[in-house]
Amino acid sequence: MKKILKLLFHRIFLIGFLIFLQASILIFIIIRFSEYFIYFYSFSLVLSMVVVLWILNNRSNPSYKIAWIIPIFLFPIFGGLFYLLFGGSALTRRQKRRMEQVGDTYIRTLTRNSTVVQSLKEENMNAYHQSHYISEYAYSPIYQNTYSEYYPIGEAKFASMIQELKQAKHYIFLEYFIIREGKMWNTILDILVEKARSGVDVRVIYDDFGCMMTLPYHYPKKLEALGIQCCIFNPFVPILSKKFNNRDHRKITVIDGHTGFIGGINLADEYINAFERFGHWKDSAVMLKGDAVWNLTVMFLSVWDYLKNVQSDFAAYRPEVYQEEQYQSDGYVQPFDDSPLDHETVGETVYLNLINKAEKYVYITSPYLVIDNEMVQALCIAAKSGIDVRIMTPYIPDKKYVHHLTRSYYQQLIESGVRIYEYTPGFIHAKNYVVDDLYAVVGTINMDYRSLYLHYECAVWLYRTQSVHAVYQDFVETLKLCREVTLEDCKQVKWRTRMLRSVLRLFAPLM
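Residue numbers (my numbering): 2 to 512.
No lab work stands behind these hints, which were simulated from the structure alone.
This structure is a prediction, so every number in the text was calculated from the model and none was measured.
Among the hints, erroneous ones may be present.
Unchecked claim - List of simulated lysine-lysine pairs, DSBU-like, C-alpha gap at most 30 Å:
1. K170 x K223
2. K361 x K400
3. K184 x K222
4. K385 x K481
5. K358 x K401
6. K167 x K122
7. K361 x K223
8. K184 x K170
9. K495 x K481
10. K361 x K495
11. K122 x K492
12. K184 x K400
13. K184 x K167
14. K309 x K400
15. K492 x K481
16. K358 x K184
17. K309 x K170
18. K184 x K401
19. K361 x K385
20. K400 x K495
21. K385 x K309
22. K223 x K122
23. K222 x K309
24. K170 x K122
25. K401 x K309
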C-alpha cells in the first residue's frame, strides 16, 4: 500500500496526470464546439501547410524534417499544432536576449593562444583544420600545458574524483545530467558538505528531466541548507512545450580551476557498478590538469550565470589563479561544448571530421547508433576506402526500442566493410572516438539525434596525448569481451522485427 501511495504522490505521476488533464480539456472543447468543426478543420489544414513549409525551409537535419512532415500529413488536424508544441527548440525573447549576453561573454572570455595554434599548424595541418573548426564554431580554444588521464571504467574515475575533491581549497563546480542518491553521490556529497563548511565555494547544476526519478522535487533546498549552491536546468513543469526537448546532458567537474573531469559518467551507482543495471556497466571519462580546464570552467559559469541571471567575474576562476606552476604538456587538448540553439551541429561535425580524415582506422564506442544519412555514408565510404572502421555497442540495452534502432543500421554498415561489435557483459555508456593513434574524443555526445541536435553536450578533443593511446588500448581490450555481428546475423532477423525497425527508423529523429 505504501508503494502505491508513494507512486500516486510521486512528481512524475502528478505531472503525467496534469498533462492528461490538459489533453482531456482540449478534447472536450473540440467535442463541445463540434458544430464549428469545419472551421477548426480548415484552420488546422492551413496551419499544417504553413508548418510544413516552415520545416522545409529551416536549417534542421533532413531526417528530422521527414520525421515531422509524415505525421503532419497523416494527421493534418493536429500535426501542425503538435510541431508547434514539441518540435525543435524554443526560447522566449527574454531568454534569447539573456542567452546572447551569456554567449557574448563566453566568446570574449575564451581567447586563443596564437603560439599553440601556430605550433599545431606547423606540426600537422590535418589536426590544425579539425581544431580550427572547434575554435571557430564552438568558440573553444586549444591548449598545451595540460595533462590528461583516461579512465576506462566508472570505478576508476570515481576513485580519482574523490581524491581530487578532497584536495579542493577554493571552489568545486559540478554539472551533471543525472544525480542519484546512493553510494557514489552520498560519498561525494559528504565531501562537498565538509568543503562548504570550510569556506569552499561549492556549486551544483543538474538537469531536472534527468533527475526526475532520482532526486526529490525540493532537493535544491536540501543542498542550500548544507551550504551548497544549486541550480536546476530547465525545470520540468506539466505544460505542453517544446523547450523540454533541450536537456543538459553534460557531465563536468571543475576543482580550483586547474583540475577537471569530463566524459559519460553520471553521479549514480550504476555508473560504478555499485549495483547491477543492464549487466556490467562500462563507461569512460578523462581528467584534465592545466590550462585546458579553463574551457570547462567557462562552460559551467556560462550556464550558471544564465540560470541565476547573474554576471560572474570569470577572471577570478582562471587556472593560474590557484595553480601557478605549469603542468607538463601532454600533446594538445581542446574541451568543447555543443548547444542546440546555435544551428551548428558541432558534435556531429567533429565526428565527421575524424571519420573523413582518417588514414588507418576509426574505432567508435557508443551506447546508441541512431544516425542520419550523412553519418552512415561517411562510415561506409571510409570502410570502402580501406579504413579499418569498427563500432562497439551494447549487447544488453537500457532502452529496447533504441536497441532495435541501433541494430537496424548494422546490415548496411557491415555490407560496406564496417565491423560491428556488441559488448556481451552488459551495457556500454561510453562515447569515445579514437583515430590513427593520433586523435581521440571522449565526452557526452551519443551517436543519436538527441545528442547531436537537441541536447547541450560537451567533450574533449585530444591530439597526441598519452590518453589517446589509453583510449585505443581500452577499445582493443574490450573487444575481447565482445561478439562480432556478422552479415549472416543480420540476414537471419525475422521479417516482423525488420518491419518494426523500419517503422522506428522513420521516426528515429523524434525519439
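Going through the hints against the structure:
| no. | hint | in the structure |
| --- | --- | --- |
| 1 | K170 x K223 | holds (23 Å) |
| 2 | K361 x K400 | violated (33 Å) |
| 3 | K184 x K222 | holds (21 Å) |
| 4 | K385 x K481 | holds (25 Å) |
| 5 | K358 x K401 | violated (33 Å) |
| 6 | K167 x K122 | violated (39 Å) |
| 7 | K361 x K223 | violated (52 Å) |
| 8 | K184 x K170 | holds (24 Å) |
| 9 | K495 x K481 | holds (28 Å) |
| 10 | K361 x K495 | violated (36 Å) |
| 11 | K122 x K492 | violated (47 Å) |
| 12 | K184 x K400 | holds (24 Å) |
| 13 | K184 x K167 | holds (17 Å) |
| 14 | K309 x K400 | violated (34 Å) |
| 15 | K492 x K481 | holds (24 Å) |
| 16 | K358 x K184 | violated (43 Å) |
| 17 | K309 x K170 | holds (24 Å) |
| 18 | K184 x K401 | holds (27 Å) |
| 19 | K361 x K385 | holds (12 Å) |
| 20 | K400 x K495 | holds (20 Å) |
| 21 | K385 x K309 | violated (50 Å) |
| 22 | K223 x K122 | violated (50 Å) |
| 23 | K222 x K309 | holds (15 Å) |
| 24 | K170 x K122 | violated (37 Å) |
| 25 | K401 x K309 | violated (38 Å) |
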